[in-house]
Amino acid sequence: MQGSSITPADRQRRLDAILERHGKARTELVQILRQAQEPEGWIRPEAITSIARALKLPRARVEGVAGFYSFLHVAPGGRFRLRFSDNITDRLLGSEPLLARLCELLWVERGRTSEDGLVSVDTTSCTGMCDQGPALLANGWAIPRLTMGRVEQIADLVRSAQPVERWPRELFVVEDNVRRTDVLLGANLAPGEPIRAALARGSGSLREAAFNERSWREAIEIAPQGPRAVLEELKLSNLRGRGGAGFTTGLKWEACAAAPATPRYVVCNADEGEPGTFKDRVLLASCADLVFDGMTVAAYAVGARHGFLYLRGEYRHLLAQLQAVLDRRRREGLLGSSIGDWPGFDFDIAIHLGAGAYVCGEESALIESLEGKRGVPRNRPPYPVTSGYLKQPTIVNNVETFCAAALIAVRGGEWFRGIGTARSAGSKILSVSGDCARPGIYEYPFGTRVAQVLADCGAEGTQAVQVSGASGICIGASEFDRRIAFEDLPTAGAFTVFDETRDMFEVARSFVQFFAHESCGFCTPCRVGTTLVRKLMDKLAAGLGSPHDLAQIVDINHLLQSASHCGLGHTACNPVMDTMKRFRPAYEQRMVTTDFAPAFDLDGALARARAMTGRDDPGAHFGNSA
Amino acid sequence: MNGAARNSFVLDGEEVTFLPGQTVMQAALAAGRYVPHLCYHPEFKPHGSCKVCTLRVDGRWVTSCTLPAAAGMQVESRSEEIDEKRRTLVQMLFVEGNHFCPSCEKSGDCKLQAVAYDVGMMTPRFDHFYPDRPVDASHPDILLDFNRCILCELCVRASSEVDGKGVFALSGRGITKHLVVNSESGRLADTDVAVTDKALEVCPVGVILRKRVGFAVPIGARRYDREPAERQALRDAPRPLDRQPKGAE
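The listed protein sequences derive, respectively, from chains A and B.
Residue numbers for the first sequence follow the working numbering, beginning at 1 and rising by one.
Residue numbers for the second sequence follow the working numbering, beginning at 1001 and rising by one.
There could be a bad hint or two in this list.
Stated by the list, open to error - Restraint ranges, calculated between C-beta atoms of paired labels, are given here:
hint : chain 1 : residue 1 : chain 2 : residue 2 : range
1    : B       : Tyr1117   : A       : Asp538    : 28 to 34 Å
2    : A       : Arg13     : B       : Glu1184   : 15 to 21 Å
3    : A       : Glu109    : B       : Pro1218   : 49 to 55 Å
4    : B       : Ala1221   : A       : Gln589    : 53 to 59 Å
Claimed, not checked - Below, in silico cross-link-like pairs of lysine-lysine (DSS-like), each with a Cα-Cα straight-line distance of 27 Å or less:
hint : chain 1 : residue 1 : chain 2 : residue 2
5    : B       : Lys1045   : A       : Lys391
6    : A       : Lys24     : A       : Lys56
7    : A       : Lys391    : A       : Lys235
8    : A       : Lys391    : B       : Lys1165
9    : B       : Lys1165   : B       : Lys1211
10   : A       : Lys391    : A       : Lys373
11   : B       : Lys1211   : B       : Lys1198
12   : A       : Lys56     : B       : Lys1045
13   : B       : Lys1165   : B       : Lys1198
14   : A       : Lys391    : A       : Lys24
15   : A       : Lys24     : A       : Lys373
16   : B       : Lys1045   : B       : Lys1198
17   : B       : Lys1165   : B       : Lys1045
18   : A       : Lys373    : B       : Lys1165
19   : B       : Lys1165   : A       : Lys56
20   : A       : Lys373    : B       : Lys1198
21   : A       : Lys56     : B       : Lys1198
22   : B       : Lys1165   : A       : Lys24
23   : A       : Lys581    : A       : Lys535
24   : B       : Lys1045   : A       : Lys373
Claimed, not checked - Residues of chain B placed beyond 10 Å of chain A at every Cβ, according to the derived structure:
hint : residue
25   : Arg1033
26   : Cys1101
27   : Glu1105
28   : Leu1143
29   : Arg1157
30   : Arg1210
31   : Ala1216
32   : Arg1222
33   : Ala1237
Quick caveat, the hints were computed from the structure, so don't treat them as lab data.
A virtual CB, placed ideally from N, CA and C, is assigned to each residue, including glycine.
Turn these sequences into a full structure, and let the hints guide you.
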């Protein structure tokens, strides 16, 4: 924390230790940069040069990686970086006045660093605390349930220059808020039980065949037992990915197992960035063994030795306890070599911490990030199952998918497919937040109606529900009999409730701002289009809108749908299109003409001059010069 | 043309043969059929970021420079809808940067300008972003004017793959994505760039400029003044020796 007292030699020694610890591996670049930043809150130019030299990369490449992630900084900021979660749910809970108050108490402008370099206050994309917002990150550590009292306490702590590590623990307590459990959250499996069940499927005489390591690691067909049996069980279960896209998990694993190249990799996608989603945080906090069991079962099924958990940077508070779970599992023989006394069944898991980039939730961008690069989605084909991490066969699955797979290993595919609907087997964990009495985690069998969820969470006078977050779908009251299922309302888990007092235009605008901030910038339509839509929505919000602007948004949406490089661009206009269709008056009341109005705001253009001169009298406004 | 029936697809109603490994656009260009593009360059592995070459294959929107050609594809590249999309993409590139063709020394040599003519762009359509992008004039022989960067990454690819230097890279994200150079000071003068680098030659717009030669060739006698982008792309397309472009004599 005390940046000024560190000498250049100290810095270099510390950096060398970090580089050594990571074996100077290029794949570790994001981890190295994160740790290099720790003491002073930013990465000095000379540190970038040192890292580039050690990793034998062009310096500009290292700088480019650092510049990609929101939580990595190549310019100095405050020693305390306070970032308010800026999801719509945080705003509904009053985050904006809290942010303004904190700025006032600390004498700092939002987005700027205080004159003494002590503190900066800004916003960040949804931090996954929607059921206990408003929330902020203090030097990366989550503080939920903000109140004016907490804001004052934080201001005092910052002014007294107390390192965040020594702030009162109660500030950082994150609740699970599990409100409804079903087959998954209520499973109560012992750690390792899914692994033992999976291994048991290859018992008997064919265990001998499996002793020939090559036979299962290279997925040689050895009768319907062993890893093959696990794959068959998974296919039978009809399990589909819980991250949103809904690809059949069994087919994904089978394709990876069948890919000739080795080694193969298992990756758990815990980059839960979709605004309004927080169920993976709870699974990792309270069911970590189930997640790791699922990954280990996957490793057995596809023949992988290495696994990664890609944990979003916002969840760094979970890192230490997850590492502890991994350590315990190694001691218990559930990770490491000869797992479950099965000769040759070697598997271990490393945790990679993200650094603030929603797009890394896209599987190929996540893999790029795991490789220590900018999180830009790849061109496909080839798909990760044949060419993923380091161009090796790789499966990437959501946290909840691995939990469900672990459950299937124990209970069987037949049992699983009997739950839910014909096309959506099993249960779904919803992250419920917004205007309801009991926000939190709700697990339901697929096929549950929206109205049921609303009744259970204590939502009243509901105007709309945003299902599956910003990239999902916004439905109105006439659609509350629709069902949570791949064939009706597919969801990655977010379920955000808006009551009739809410302005759905502002809801859409907040999501538009989110996409513009999170676009990776690789392709033209998404890079420019998301910002164009943001500007058009700002124009409408300023009361300068016209039907022409709505038509522009519709056009840009068509372009993004057809020409974007990845799903981020494809879905970036969904919030506007959905709300425009269902809540049109929210848009129409913002139109000044029925034809066209220019975006250029003459009075707005004087704002900077007013700020510089400290004036706000009528004479400093356009049209009031008399 | 043995095996033409097997290794061919239909492009706007006409058969185009391809070689294994060719993408839809490579095959189209080699067959004398133009698809507008900006970030694609025949000497580099396509990466598909500008999206100007977007077209339809079997009804699906795809990026033709990166999509491997496959037998029997129905490819649609010429329609008012597709032209409109390409025009919008070029307009987007114009408004996100600071492009003032009449005062730009690259005018007439600029591929963005040429493709804009090519796709029939008449107005910028959207409000300009007017980003603040300071120039880097530190190098004695080379000027960097980031205002005109379209983020095609050709200099990044050329510097790393051909020059073996890594002088250029991309930093930032989204609309703040930008080019950076390989020096601690952030100045081009402190890198090992040379005027003979491939990276200078491939810049399609007026970002990487050799100093003191900007107007050696007068406007009116420049690359795209002499020949439109379409004809040059077809002429430069790599094609097997046994296959001649249609009507290229």
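The hints, checked one at a time:
1. Between Tyr1117(B) and Asp538(A) the Cβ separation comes to about 32 Å, which falls inside the hinted range of 28 to 34 Å.
2. At roughly 20 Å, the beta carbons of Arg13(A) and Glu1184(B) sit within the given window of 15 to 21 Å.
3. A beta carbon spacing of about 50 Å between Glu109(A) and Pro1218(B) agrees with the range 49 to 55 Å that was offered as a hint.
4. In this structure the supplied range 53 to 59 Å holds for Ala1221(B) paired with Gln589(A), their Cβ-Cβ distance being about 57 Å.
5. The hinted pair formed by Lys1045(B) and Lys391(A) meets the criterion: a straight-line CA distance of about 17 Å does not exceed 27 Å.
6. Distance check on the hinted pair: Lys24(A) and Lys56(A) sit about 9 Å apart at the alpha-carbon level, within 27 Å; holds.
7. Among the hinted pairs, Lys391(A) with Lys235(A) is consistent with the structure: their alpha-carbon atoms are about 25 Å apart, no more than 27 Å.
8. Between the alpha carbons of Lys391(A) and Lys1165(B) the distance comes to roughly 24 Å, so the proposed pair stays at or under 27 Å and holds.
9. With a C-alpha separation of about 21 Å, the suggested pair Lys1165(B) and Lys1211(B) falls inside the 27 Å cut-off, and the hint holds.
10. A hinted pair counts as satisfied when its Cα atoms are at most 27 Å apart, and Lys391(A) with Lys373(A) qualifies at roughly 14 Å.
11. With a CA separation close to 16 Å, the supplied pair Lys1211(B) and Lys1198(B) stays within the 27 Å bound.
12. At most 27 Å may separate the alpha-carbon atoms for a hinted pair to count; Lys56(A) and Lys1045(B) meet this at roughly 23 Å.
13. A C-alpha spacing of about 11 Å is found between Lys1165(B) and Lys1198(B), which places the hinted pair at or below 27 Å, so the restraint holds.
14. For the suggested pair Lys391(A) and Lys24(A), the alpha carbons sit about 20 Å apart, so the restraint of at most 27 Å is met.
15. About 14 Å separates the Cα atoms of Lys24(A) and Lys373(A), which keeps this hinted pair within 27 Å; it holds.
16. For the given pair, Lys1045(B) sits about 15 Å from Lys1198(B) by alpha-carbon distance, which is consistent with the 27 Å threshold.
17. A threshold of 27 Å between alpha carbons decides the hint, and for Lys1165(B) with Lys1045(B) the separation of about 18 Å falls inside it, so the pair holds.
18. For the proposed pair Lys373(A) and Lys1165(B), the alpha carbon gap of about 18 Å is at most 27 Å, so the pair holds.
19. Pair hint Lys1165(B) plus Lys56(A) holds up; C-alpha atoms about 12 Å apart against a cutoff of 27 Å.
20. Restraint check for Lys373(A) and Lys1198(B): the C-alpha separation of about 24 Å stays at or below 27 Å, so the hint holds.
21. Between Lys56(A) and Lys1198(B), the direct Cα distance comes to roughly 22 Å. Compliance with the 27 Å bound is thereby established for this hinted pair.
22. Proposed proximity of Lys1165(B) and Lys24(A) is supported: the alpha carbons are some 21 Å apart, at most 27 Å.
23. Pair hint Lys581(A) plus Lys535(A) holds up; C-alpha atoms about 20 Å apart against a cutoff of 27 Å.
24. Of the pairs offered as hints, the one joining Lys1045(B) and Lys373(A) holds, with about 19 Å between alpha carbons and a cut-off of 27 Å not exceeded.
25. The Cβ of Arg1033(B) sits about 20 Å from the closest Cβ of chain A, beyond the 10 Å cut-off, so the non-interface label holds.
26. Distance check on Cys1101(B): its Cβ is at least 19 Å (rounded) from any Cβ of chain A, clearing the 10 Å threshold; non-interface status holds.
27. Look at Glu1105(B): its CB is around 24 Å from the nearest CB on chain A, clear of 10 Å, so calling it non-interface holds up.
28. With 10 Å as the threshold on Cβ separation, the claim that Leu1143(B) sits away from chain A holds: the shortest Cβ distance comes to roughly 18 Å.
29. Interface exclusion of Arg1157(B) from chain A stands, the closest Cβ pair being 13 Å apart, more than 10 Å.
30. Every beta carbon of chain A lies more than 10 Å from that of Arg1210(B), the smallest distance being close to 21 Å; the non-interface claim holds.
31. Residue placement check: Ala1216(B) keeps its beta carbon more than 10 Å from all beta carbons of chain A (closest about 30 Å).
32. Distance check for Arg1222(B) against chain A: the nearest CB is about 25 Å away, which clears 10 Å, and the non-interface claim stands.
33. Under the 10 Å C-beta cut-off, the non-interface status given to Ala1237(B) relative to chain A holds; the minimum distance is some 21 Å.
No hint from the list above goes unmet by this structure.
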